[in-house]
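**Student:** What follows is each chain in one-letter form.
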Amino acid sequence: MEEWDYEPTPDFDRTPLDKLRVFPRHPDMLVYALRLALHALMRTWLRLYHRYRVFGREHLPRDQPFVLVANHGSHLDAIALLSALPLTAIQTAYPAAAKDYFFTTTTKVAFSAIVVNAMPFDRKENPRESIELCRDLLETPGHVLILFPEGTRSATGAMAAFKPGIGFLIAGTNIPVVPCHLDGAWRAWPKGAWFPRPRRLTLRVGVPMVFADVPADKEGAKRVAAELESAVRLLV
Amino acid sequence: MLSNPILRTYLLIAGGLLLFAGAAIVLLKFVLKKNAEHAWKSFRGWLIMIPLIVGAVLLGRTATIIFLGVVAITGFTEFARATGLYRDWLITGLVYLGLAAVTVVTLISPPDDPRLVGWYGMFMALPVYVVAGILLMPILRDRTKGQLQLLALGMVGFIYIGWMFGHLAFLMNGRNGVGWLLFLLFSVPLCDVAAFTFGKIFGRHKLRPNISPNKTWEGSLGALAVGMALPWIFRFSLPGFGTRELLLAGLIVGAGSQLGDLSISVIKRDIGIKDMGALIEGHGGVLDRIDSLIYVAPLFFHMTRFFIGIE
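Taken in sequence, the protein lines are chains A and B. In terms of my numbering, the first sequence opens at residue 1 and continues consecutively. In terms of my numbering, the second sequence opens at residue 1 and continues consecutively.
Bound conformation, chain A alone (with noise of 0.2 Å):
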C-alpha cells in the first residue's frame, strides 16, 4: 500500500496570536465563519445606526482583482467600504490598516485580523516592501485591497492630499482603481470619541481609473496620486 500523504497546514505549530499576525493568512475556516457572522451584524448595524447608504456599487468591477481608495474620517471607513462589496467578497478583501497602531495588542491583532480583515501596511520603516505585499494579492482575481492614500484618520474631518505610494503601487499596471468618497465619517466617529454616534454615512462609488500609461517612477506616482485624489473629491 502507498504511504499516506500528510501535508500539514503551513502555520498548524504557531500559536492562535502568531497565526492573525502573519501575512497573508493562512485560510482559517473559524475566523472565516465568524468574519461572516460579525460582518452580517455590522451591516445591520450600518444600516440602522447611521442609515447607510451607498451608491455607484455598479461601478465596482467584477472578476479581476481592484483597489478601493477613499477619504479617511474614521475607524468606521474600513468597515463600511467592506460593507459596500458583497457578503462573498469579504474573505479575500484587504484594507491596508498601519502596522504600528493596529498589530500591536493582542486585542487590535484580533480586531483588526478578524473583523477587518486588514493588511498589516509597514508605513514607518518597510513602505515599499508593504507595496510589494499589495502587489502580490492584486495578482489574484477576486482579491480587493482598500486603501486610504492620505494615510491617516483625518483630524478636522477636511480630506489631505494623498501621498503618492498609492502611485507606485498602480501605475504603469492594468488594475483598476475605483475612487469613492465616504461622507459622514467623521462626524459618526471623530478622533478621540470613545463611541460612534448615530450620524448619517453615504458612500459614493465612482467610475474605475487605470493607469496602464503612466510610467512607474517618481513623477507618475505623484499623477496618479493627484488625479485619483481630485476623483475622489469630484464625488463629494
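Just to be clear, a hint being listed does not mean it is correct.
[Stated by the list, open to error] Capping the alpha-carbon separation at 20 Å, the derived lysine to any residue pairs in SDA-like fashion look like this: (1) K19/A with T105/A; (2) K274/B with D5/A; (3) K19/A with I73/B; (4) K274/B with R14/A; (5) K41/B with P16/A.
These are computed hints drawn from the structure, not numbers from a lab. These figures come from a predicted structure and were not determined experimentally.
Model the placement of chain B on the given structure of chain A, informed by the hints.
**Tutor:** Just chain B, lined up with the frame of chain A:
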C-alpha cells in the same frame, strides 16, 4: 458548587500540588542551581489550565460541558491542521457540526423523558449520523482521488477527539459528575508525572522505541502501579465504588493514560511532527495535553455505567 465537599477537597489538593511543584522548581533552580527552564514553562501552563477548569466546574454543569466542548473543538482543529484534513472544508465543517451536536445532546434532556439530564441515546447514536454524513461528501462531489484518506481522517477526528473525549463532559450528567470528572482530571496527569519520574530514576528498557523513544518499561510499570493506587487515594470522590470498580478504575487510569499518550504519539510520528500545536506554552497543543483523557474518559464512563450506573 462550593458546598460540594468533593470539590472543596480537590481545590485543596490542587492548591497543595501547585505550591509543592512551585517550591520544587524554586529549590531546583536557586538551591541546586539546575536548569529548571522546562519545568518552569510546564508549571506556568498549569497555572493557566487549572484555574480555567476549576472556574468552569465552579460555574456548574452547563459551563463545564461547554468548556469541554470548546476544548474538543480546539483539539480537533489541531488534529485537522496537522493531518492536512483542514484543507477539506466540507468534511472539517461537518465534523465541527458533529462536535457541536455532541455538546448539545450532552446538555439537553431526551425528548421522551425530560427528567433525565443529557440525551444518552442520541449521544451514543451520534457517530452513526456523523459517519453517514462524512461518507456522503465524496458522493456529493463525485470525487475518488484521495477520498479514503479524507474520510478516514474525518472519522478518526470525530470519533476519537470529539466523541470519545465527549464522554468526559457527559460524566457531568451523572449523580456524582463532579467527583468522577475531577478524579479523572487529577489522576490522569498524576500518572503522566509518575511515568516520567519512574522512567527518569529507574528507566533502562525502552517501551516502544519507534513510537516514543523516551518512554521506558520501568516508567510505564511505575505509572501503572501509581494508577492502581489512585482510586483508593481518591476514594472520597468515588462513592459507591467497591473493590471491583476501584480495581478497574485503577487499571483504566494506569494503563489507559499511557495508551492514550502513545496513540497520539503514533499519529504525530506518522505525520512527522513533534507537537500537535502551540497553544499551551510548555505543553504543546491542546491535543498533547488531553491525549490520555481521550482514551481514559470513555472507558471509565462505560465501566462506571455498567457496574453502578450513572444516573
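**Student:** Kindly indicate which numbered hints from before are broken by the structure, ordering the numbers from low to high.
**Tutor:** Hint check: nothing fails, all pass.
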